[in-house]
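Listed here are the chains, written in short residue letters.
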Amino acid sequence: MTVDYLIDLIPFATDFPGLVFIAVIIACAVPIFMFIAVYALVAIYAELKVSSFMQDKVGPMGQGVGLHAGKWGLLQPVADALKLILKEDIIPSTADRKLFIMAPFIVFIGAFITMAALPFSPTIIVADMNIGIFYILAVSSLGIIGLILAGWSSNNKWSLYGAMRSAAQIVSYEIPAAMSIIGVIMLTSTLSMQGIIEHQSGFVWGILPNWIIFQNPFTFLSFFIFFMSGVAECNRTPFDIPEAESELVAGAFTEYSGMRYAFFFLSEYANMFVVSGVAVTAFLGGWQSPIPGLMDSSGWGLFWFMSKSLFLIFVMMWFRWTWPRLRVDQLMSVCWKGFIPIAFFNIFGIGLWKLIIG
Amino acid sequence: MTADQEKFIADVVEKALAGDMDAINSIEDRSVRAKAKASLVKAKRAAKAQQKSDAPAESDSPNQQETAETQSPLSILLNSTYPDEIIEVLDEGKTIQLHPKQWNEIATFLRDHPEALLDQMECLTGVDLGTEDALQVRYNLHSMKHRHKIEIRINTNRDKPEIPSVETIWRMTDWFEREAYDMYGIVFTNHRDLRRLLCPEDWEGWPLRKDYEEPETYHGIMVPKVKEGWE
Amino acid sequence: MGKCMRAYFRTIRESVSTLVTGMGITWRHMVNIRKGSVTLQYPEERWPRPERNIGFDQQDYNIIRSRLHVDINDCIGCLKCERACPVDCIKISTERVTKGEDIPEIKHTGVTSNETKKALLITRFDIDMTECCYCNLCTYPCPEECIFMTGGPNSEKHHIDYEFSQYDRNDMVYRFAKKVSDEQVAKATGINGEKA
Amino acid sequence: MKEIGSIRAEEMVLNIGPQHPSTHGVLRLKVKTDGEIVSEVIPIIGYLHRCFEKHAENITYEQVIPFTDRCDYIASMNNNFGFVVAMEELMDIKVPERVEYIRVIMAELNRIASHLLALGVYGLDIGAFTPFLHMFRDRERILDIFELTCGARLLYNYMWVGGVSHDLPRNFETICIDFLDYFEPNIPEFNQLLTTNKIFIERTADVGVMPAEVAISYGVSGPNLRGSGVKWDVRKDEPYSVYDKFDFEIPVGTGDHGTLGDCWDRYWVRMLEMQESCNIIRQALKAIPDNGDVHAMVPKKIRPPKGSIYRRTESPRGDLGYYIISDGSPTPFRLKMRSPALTSLSVLDEISAGWMISDVIAILGSLDIVLGEIDR
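Residue numbers (this note's numbering), protein chains in the order written: chain Y, 1 to 358; chain F, 1 to 231; chain A, 1 to 196; chain X, 1 to 376.
One or more hints might be untrue.
Result set (DSSO-like, lysine-lysine): computed pairs, CA atoms no more than 27 Å apart in a straight line [claimed, not checked]: (1) K49(Y) - K35(A); (2) K94(X) - K306(X); (3) K301(X) - K91(A); (4) K301(X) - K210(F); (5) K49(Y) - K83(Y); (6) K94(F) - K145(F); (7) K7(F) - K54(X); (8) K94(F) - K7(F); (9) K231(X) - K145(F); (10) K94(X) - K300(X); (11) K54(X) - K160(F); (12) K49(Y) - K98(Y); (13) K7(F) - K236(X); (14) K117(A) - K178(A); (15) K7(F) - K118(A); (16) K3(A) - K80(A); (17) K91(A) - K178(A); (18) K149(F) - K32(X); (19) K80(A) - K301(X); (20) K83(Y) - K71(Y); (21) K145(F) - K306(X); (22) K157(Y) - K98(Y); (23) K91(A) - K54(X); (24) K94(X) - K301(X); (25) K101(F) - K7(F); (26) K245(X) - K149(F); (27) K91(A) - K94(X); (28) K179(A) - K118(A); (29) K94(F) - K306(X); (30) K149(F) - K231(X); (31) K91(A) - K225(F); (32) K178(A) - K80(A); (33) K157(Y) - K306(X); (34) K49(Y) - K71(Y); (35) K54(X) - K225(F); (36) K118(A) - K91(A); (37) K245(X) - K231(X); (38) K80(A) - K54(X); (39) K157(Y) - K30(X); (40) K149(F) - K94(X).
No lab work stands behind these hints: they were computed from the structure.
Quick caveat, the model's predicted, so the values are computed rather than measured.
Chain Y with its partners taken away, still in its complex shape:
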């Protein structure tokens, strides 16, 4: 939508279509990149604080600016980012140099381009494609190539283990995630992100929002399957076996340092946002207000979308700081024996529900 809007804005667009297209792409990419960077800082800070609070400590703190981390430690993520930027970039001498350098960018691109289809508000969306959700499911698994490249090119056994584990994991968990989304698509009859949100407008009995998660019991289950699969795709605890800091040191990222590591880090957080965004769009009514009449103008769309997404990100953090980690074979059996059968059952159930009840 935004892309079309920008193209329309330029009067001589038809004269230089290629040039204008590239310019518009850059004009969209830069804000998204800025958004990811700022959001990552916030998320890192939130992760620090959430984990600390759950562990009975106050986390990064500081009285005054200077040597300390600012008021309530607000400067801590900035300091972390600065450290990552300034840190020496080490490439192991036996590593496959080209692939080693390429890998973090591929992972980041995978997370980055999914952002293009996320509807932040009725108007703020880079491109409201008619295959939006399908596009997100497709490109979000691009990161796996980067992870495998990283693991392979590092020439380190830990990295290889991490890469192989994450490949198995991400590929497996794509299936229940996609299955849950299929149920949503069956209800909404559209692949467009905005279309899915439009379908969820209104309220049942004037109180309960007409979100897909509340539309029938199967979609309720679907939401959890999708969300947990999403957590697994982000490699977060309890599914963080690729990184598994107590087993594999740091998994695929063992040999990375400085800015390259920061890119992995950034893409992990970006991925979390994408998963939450898709879950919000597909199940929780996107940018729509949960309470009838409360701040439901289109200007508030961004607020609702962000608060819902950030809440889901908080839940992910909550998981991480509460639960232990699964073993790789248990991870697979949870996926193949737990999530996938239930996801199939859900598709069936949603179809039946739609046929019988409406």
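Starting from the known structure of chain Y, arrange chains F, A and X on it as the hints suggest.
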């Protein structure tokens, strides 16, 4: 106390021990006299302690005609089965010294015999007896069922120390024998994996032997003996 | 088959319930952070040191082991602490001074606070705190109670200080003996110029 | 067919350690793996070897005690305790009753502290971070008590031959009771957060099963042996000090969630033992004589009579034995420490073959090793 004063006191004490108390009493300086008296008392006490500690050592001497009252059931059992293997029975039968030759067989017997059932090896200690020019291994055995224990001692000579391994009988001794090998150089024959345990594999010498001398260098690195600017 | 399915669903139920219970606990800790926080902002806030009173009959003192301190004025050079040290981090050298002159500025003669007559000039009393193992063994044999872990019975004499890191390793060698020149030593020992 | 048969997975040797987050110290594990499956684990130790036994032959008996602290730095009190019990038996010293109670209280407090660390770090090995810090929070309280009592937080040098270095502080009883009142309600919370967590059970139950015969043959002792269902506790079966005066249970593994002797059982035994230690401390605080000397009549310079002794005590990791040979001089002729963690580690290869890399970490964590004690 200066050196000549010490020497003087030592002289006087010697005289006093020989019966000449006047040598001390005639010292003029009060403090020196007090010191001399104190060291005399010390010397007398030391002599007494020497006698005392010598006494049990004598009773430790081999005594094959030990009567049954001073023996534990385990030592009687062992005595009846392997009478030739026992060198001596000490400490009311709680400690038995054996010949190394059939140790493996005896160990199996001790573990499996229903009256012994010594299924737990508590500890395996290598000892350098120093003066007797022999190395010794002490096995502390314990039975989980009967709750009795026994200590086995096996001597071996310093030049070619060899003791049969019991690593397959009590699996715990696997590492403990490796440790004893590491520290004393006692070769446990038939041990399946006799490598050094704690020291690096290329370490030279047997560190816990009494005649061990610390190496000057290790891999070309000087071993610091004295801290710089300290002595 | 039915048994299998029941086990399958029981597993799912157990998983969900126990995982949610765990989340409840972390949530409780998160919302009660104001009450439950156990950390302090270290450079600004510090843990209170333990109460001073420990149940000795005669003395009330704490037994914090922070670092060794020597009241060199009370030291009689008996070397008991040097012998007690398991890691040899104390080094003492003394000179006999009964015959020689008094050097007033280092007060090497006279009596200690326990009224013991001092007979030795301590030319060196070094403690290498990098080697110290804080076992406290050197403080017990001292007849004058002049070597102590700061705190201890003489806590008024020296403040307790946990933070004594240094930039140079040599700064961690505490030299307690008073500076004396060779001539002073010679004078004090009464051996004129021979001993250096 | 022949070609298919000749395809074989290549064995990869993976070095876990010496610097690795979950080896609990400088331990190196040479792990032969086939994919994720581990076929052999070869522990390589000695990185922390500090020549304790050689060093002990050159220093006096009093000076050995600070070195025993440093062997098992997680449970220093228990190490001191083991040494002084052996020494007192060798020298035939009768220590005052108050000292015995002080020692028992200290040893049990340290047992709780040690188990808290073991359990928390075990959670960390499995991937749960929060229980670790919760347990550390409580462990700090115990260390505060130690600091109050003997001035040090980690390496105490508190128990001496024939006594303890200081008497208890004046209001020790209330401080201790306060701690127990605060701590005991936390145990169910740990259980809810970690022990009964389904993921935790999945990770630990049925993993690394150690049958009782294997455990006894390997000399495994303490909670690891009790996890295999053997009711053996030196405190109960060969009582030393005043342990025979207390009424406490010996928890043994039951195989609630899997097989008897699995990682979960070993974990659970430690959890139950903390509760029992609390009971012992409460009883000891009630029974402790109010006043009294804290030193027995011991000569300034300790010279045990000629002879040798092997005495074992129950440290949080198992049977901690000291073999002391004295030749009548003030320095030991030979001092051997039988460290429980060494035997626990030696069983690792036996019980972890066939499991996955993650399980090797879990099994290693459940054995609760301390490298300072293994390497001495």
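**Request:** For the pair we were handed, K245(X) and K231(X), check the Cα-Cα distance against 27 Å.
**Result:** Satisfied, since the Cα-Cα distance of roughly 19 Å is no more than 27 Å.
**Item:** K245(X) paired with K149(F) [C-alpha distance capped at 27 Å]
**Value:** Satisfied, since the Cα-Cα distance of roughly 24 Å is no more than 27 Å.
**Request:** Take a quick look at whether K149(F) and K231(X) sit within 27 Å of each other, Cα to Cα.
**Result:** 18 Å, holds
**Message:** Against the 27 Å threshold, does the CA-CA distance of K157(Y) and K306(X) hold or violate the hint?
**Reply:** This hinted pair is violated, its Cα atoms lying about 56 Å apart.
**Agreement of K49(Y) and K35(A) with the hint, judged by alpha carbon distance not exceeding 27 Å** = Status holds; Cα separation ~16 Å.
**27 Å limit on alpha-carbon distance, applied to hinted pair K301(X) and K210(F)** = Holds - the C-alpha atoms of K210(F) and K301(X) are around 23 Å apart, at most 27 Å.
**Message:** Against the 27 Å threshold, does the CA-CA distance of K157(Y) and K30(X) hold or violate the hint?
**Reply:** Status holds; Cα separation ~13 Å.
**Request:** Could you grab the alpha-carbon distance between K91(A) and K225(F) and see if it respects the 27 Å cut-off?
**Result:** Roughly 16 Å separates the two Cα atoms, so the pair holds.
**Request:** Would you check the hint for K145(F) and K306(X), treating anything up to 27 Å between C-alpha atoms as holding?
**Result:** 32 Å, violated
**Request:** Starting from K94(F), check that the Cα of K145(F) is at most 27 Å away, please.
**Result:** At roughly 18 Å apart (the allowed maximum being 27 Å), K145(F) and K94(F) satisfy the hint.
**Prompt:** Quick one, are K7(F) and K118(A) close enough, alpha carbons at most 27 Å?
**Reply:** Given that 27 Å is the threshold and the Cα spacing comes to 23 Å, the pair holds.
**Request:** Compare the distance between the alpha carbons of K54(X) and K225(F) with 27 Å, and conclude whether the hinted pair is satisfied.
**Result:** 16 Å, holds
Of the numbered hints stated above, those contradicted by the structure are hints 7, 8, 12, 13, 16, 18, 21, 25, 27, 33, listed in ascending order.
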